[in-house]
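Chemist: The task is simple: from the sequences and hints, build the whole structure.
As they're listed, the protein sequences go chains E and V. Last residue of the first sequence? That's 619 in my numbering, and every number before it is there in order. Last residue of the second sequence? That's 619 in my numbering, and every number before it is there in order.
Honestly, the hints are just simulated from the structure, not real lab data. Some clues are possibly wrong.
[As the list claims (entries may be wrong)] Quick partial rundown of chain V residues pointing at chain E, CB under 8 Å, derived from the structure:
no., residue
1, Ala52
2, Val88
3, Gly225
4, Gly252
5, Ala257
6, Ala305
7, Glu306
8, Glu325
Just so you know, even glycine gets a beta-carbon here, dropped at the ideal spot from N, CA and C.
Here is how the chains run, residue by residue.
2 protein chains.
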Amino acid sequence: MYLDTFLNKSHAENGLVQPVFAEKLILYSVSGLRCGPFSVIIWDMKQLIDCAMKRAECDLVIRGGRILNVFTGELEEGDVAVKDGVIVGIGSGYPAKTEYDAGGKILIPGLIDAHMHVESTMLTPEEFARLAVPHGTCAIVADPHELVNVCGVEGAEYVHEAFSRLRAGDVSPLDVCLQLPSCVPATPFETSGAVLDARATQEELAKDTFFGLGEMMNYPGVIAGDAQTVAKLEAAQKFGKVADGHAPGVVGDALNAYLCAGIATDHESLSASEIGEKIARGMYVQIRCGSSANNAAVCAPLVTAENFRRFLLCMDDKHAPDLMEHGHIDDALRQLVAFGVSPHRAVCMATKNVAECYAMRGRGAIAPSYVADLAAVDDLTDFHVSAVWKRGTLVAENGEAKFAAAPYLPAAVRNTVHVGEVTAESFRIALDCPRARAMYVRPNELVTEQVIVPVESRGGDVVLTDGLCKLAVVERHFASGNIGLALVKDYGLHGGAIGISVAHDSHNLVVLGDDNAAMASVVRLLKEAGGGMALVGKGIEEVFPLDVAGLMSSASAGQVAGKTAHISALARRMGVKEGYDPFMTLAFLALPVIPHLKLTDKGLFDVDAFSYTSLGVEE
Amino acid sequence: MYLDTFLNKSHAENGLVQPVFAEKLILYSVSGLRCGPFSVIIWDMKQLIDCAMKRAECDLVIRGGRILNVFTGELEEGDVAVKDGVIVGIGSGYPAKTEYDAGGKILIPGLIDAHMHVESTMLTPEEFARLAVPHGTCAIVADPHELVNVCGVEGAEYVHEAFSRLRAGDVSPLDVCLQLPSCVPATPFETSGAVLDARATQEELAKDTFFGLGEMMNYPGVIAGDAQTVAKLEAAQKFGKVADGHAPGVVGDALNAYLCAGIATDHESLSASEIGEKIARGMYVQIRCGSSANNAAVCAPLVTAENFRRFLLCMDDKHAPDLMEHGHIDDALRQLVAFGVSPHRAVCMATKNVAECYAMRGRGAIAPSYVADLAAVDDLTDFHVSAVWKRGTLVAENGEAKFAAAPYLPAAVRNTVHVGEVTAESFRIALDCPRARAMYVRPNELVTEQVIVPVESRGGDVVLTDGLCKLAVVERHFASGNIGLALVKDYGLHGGAIGISVAHDSHNLVVLGDDNAAMASVVRLLKEAGGGMALVGKGIEEVFPLDVAGLMSSASAGQVAGKTAHISALARRMGVKEGYDPFMTLAFLALPVIPHLKLTDKGLFDVDAFSYTSLGVEE
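Modeler: So, in structure tokens, the structure goes:
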């Protein structure tokens, strides 16, 4: 029952409501946190009690299911009775408006993704929801880090509004806990589309739009006690909002320092011992089951009876085709169980544990007074989801979402690609050194190695031999004309250029090629399309537009998957080696927080030294 | 570091503070709940980080201890470094102003009593703190139910203020999460000193003084959907405050209904199966280790790897001599471990689990960013506590509290006994029936049986034969003159009368005797003393004053124990049988929520029928 109905019916009736209450109800939520999607819905307690006692008719009863009880780890028989979107009882004999026969399937609480970026799906929020909800997802903790780096806070507001417009009957089919990105820009070494300093962070975190502070990737800043960084985390603490972490390799004193900033979670550990230390120091460890990174195998053996409540599941970054083929958090459950984690503990990691970590009261369990978010699965090994209820409304069945949304594309996220004058000449690399630093990307990883290669220049441009390509990062937010140039070894591409407007975390244009004119054409195509993936060479010009901030497509998931596969196959035909995703690997070559050598629009960057470096090498 | 210091030093420095912040800091606490003792203390995050990185000097380092890690269940070696009352690191090599050698003892997080009534100790709050803190207690969830039933909200404010005045150096040695009593009066069948209706409950719960809503004993009211009762629970939910439960024997539909009211906890289960059901339905079960009631033996075998996070420890009601002899929550740990629960799980029940249940962020673990509340124990079987730190200050050592408090006795809790004109004639029982209902108290229990006894009246008063005594409940709040009269079988007392002003839950005077004049004298003594325990007979007149609201003594714990023992021994010499505590058993004979036959100032009460009944029986 919604706020206004509640106020009219219940409190006004018994004369207890004060005018001030309306505001308070919005400020203080059932979750105990005054933010996110949990703020405005409140129910009539008397109605719930009457339904629990069978004095009144429930809205829904799900019969014939077996309930996975996250408090005990046991499977139990019982009907689940729902009123006003809330579970009122586990039992039998409930009168109800609607009945659903679960036919012996297992009911689990609605799944919660503890950390994800909608942008990495390349889908709009509404299209992502239509894909994820049929897999049992009822809530996500979403960090619109990429959108905000391009569009500023309006990028987050777009996500908020796009999800808010989704309706399945009276309910939103997916609860979205929106984190305010903490690192905009991710580093001062690149040009992003927006800057969110500490003051802006304080102002935005005060708003109900934001559930918490997104992953704090600037762990060196935290550990160094940088004033702006610390002030952002203090704001989160003061507003009682959770701050997420991102701390690869951070252990020992540095981990202690990072935790002193009140950071609750991490999903970036590199080893079992690091994960063990983070658990011991009180972090919640988010087991990431994404497209590029997967920690299920490393984490599963670390789960014990004493610590299993400290693990959460998340996808972080997962592409649409992977979501379509393998699923969402249901896929993570499947993986954990395959690696030997008990189904109960795996399910806890995607339900109750997440709710505990983020203080989402009334979430993550099938029990009286809990929100009626639940999924029916065939078994506890494959976790094939056959039905999903959100606040007691059937929102998906047999893989099909039972909701739709009108397209929503506000001006803030359209036409975001603004580049200066770029010609073939822009990609000339004039070197007067005998050797140069080149980036070598480890296959199937995001880490690059620095290799020193001999180079020869002719006519003011380097000659590309021995598997060398040029890499360019073209600033695309303010048409500043900034272009960073570098060399990449053994990517395999020849006879043209490819480029993409997704480039973590500032999302400038990243272009790889062995032909200056083709590289310029790729920039032109991306500019005209408002961002996307583009390919030029061997007589072909192809572009797949990412018309939402240059990051995501307004097309359907199927179209996105098809077009991505098509243009990737074209790039593969131009020689891109196996072990690299032609475009998505590019998207990480401009990310100056992952070792070792990266390129931004401002120049070549040595991540280990955390400073710019030269392309040419003298000695 | 306190609010003002923080504002001056940190935010003012980097220019980020807004005037509105000062208010926000008080409203939103580090615990995520905007209430209780967690509201006003905030620290300088930069300082903590610098100390964690050993760039700055810590306030305290505890060396040479072994740390019980509640996240992993393991014992680990390491120094605990503290700055501004917060743990900044586990490690080694920290520079510090003060060092403490733990000498190989085990460090556990400060213990938290999840549910207790200070009044049952008969000690003032400050005297209770001096007794409990040396046993490792760093926080309590206290429900001043008895005081508020006598004095109204001023009774709770007294507790709040008395605890607030305690200081060990800069810190409060005990955090007190004060619950607003939910049942004042406990039932409409008796006269209490105050009434807290739904509107008053809403107003009071809005205040920071109150952490949550105290145990909802009126479970029939909840289950029936009584408007006033439901409105109280709705207020708790809306303010994001936890509501505690009290639901003996409530299972099935009734339990579901009770939970729909948002109640989080229970400590009143009667059987293992009931406890199992409550855990499965999502309640936190508080294992009570008190003076009269102890559920450790029943609960211990129910604890599993999957459910141990759902148990909490509490004392509920424990008398001063028991606290002095056996300890507080350390005693509960000892009992749980003796019954086979692993030390790690037992400690979790008194630390991390409580913090999770009540959303006390930063409590219940020894880890960076957690408040430095901890205790050193000799081992994990006896849990003998040798040192206790509160916010990093040593507040107790070798059983001695390192803090004191000036006596605080505001007018609100003094001179609270107001009785009308009472003479020997007031205790005459005129019966014209051949038989009467008498109460028989089961030895070592609070439950009474109804027995039908033959009676004979002479001169307008019943003749006491066959082990009968008279019981009177004399209204003492408003001098209304209300007196309820009944018969008690086989209590053993003869030749006088005894009486007490502690009488759950309305705390009228309860007087038992076989001599009308002696009963009147007992009332006179209690009136003159402002409440207490009194005894008259065989030439003796004795009274032990309970000068704080007629419930507690302003004397020291030792004096309270000694005087209680002395007057109880005198009563025993008047024949009170073993199996009854002469005075404390009386204190429960006026409690109309425990089966089966009870007496209030308004008359004899049939708890099973939940209505008054007659003393005389016709047939």
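Chemist: Now tell me, hint by hint, if it's right for this structure.
Modeler: Structure-based check of all given hints:
1. Interface restraint check for Ala52 (chain V): the shortest CB-CB distance to chain E comes to about 4 Å, inside 8 Å, so the restraint holds.
2. Nearest Cβ of chain E to the Cβ of Val88 (chain V): about 5 Å, under the 8 Å cut. The hint holds.
3. The restraint placing Gly225 (chain V) at the interface with chain E holds, with a minimum CB-CB distance near 5 Å, inside the 8 Å limit.
4. Below 8 Å, beta-carbon pairs count as interface contacts, and Gly252 (chain V) has one with chain E at about 7 Å; its hint therefore holds.
5. Against a cut-off of 8 Å between C-beta atoms, the interface hint on Ala257 (chain V) holds, since the closest Cβ of chain E lies about 4 Å away.
6. Below 8 Å, beta-carbon pairs count as interface contacts, and Ala305 (chain V) has one with chain E at about 3 Å; its hint therefore holds.
7. The interface hint given for Glu306 (chain V) holds, since its Cβ lies 3 Å from the closest Cβ of chain E, which is under the 8 Å cut-off.
8. Using the Cβ-Cβ criterion of 8 Å, the hint placing Glu325 (chain V) at the interface with chain E is not satisfied: the shortest such distance is roughly 33 Å.
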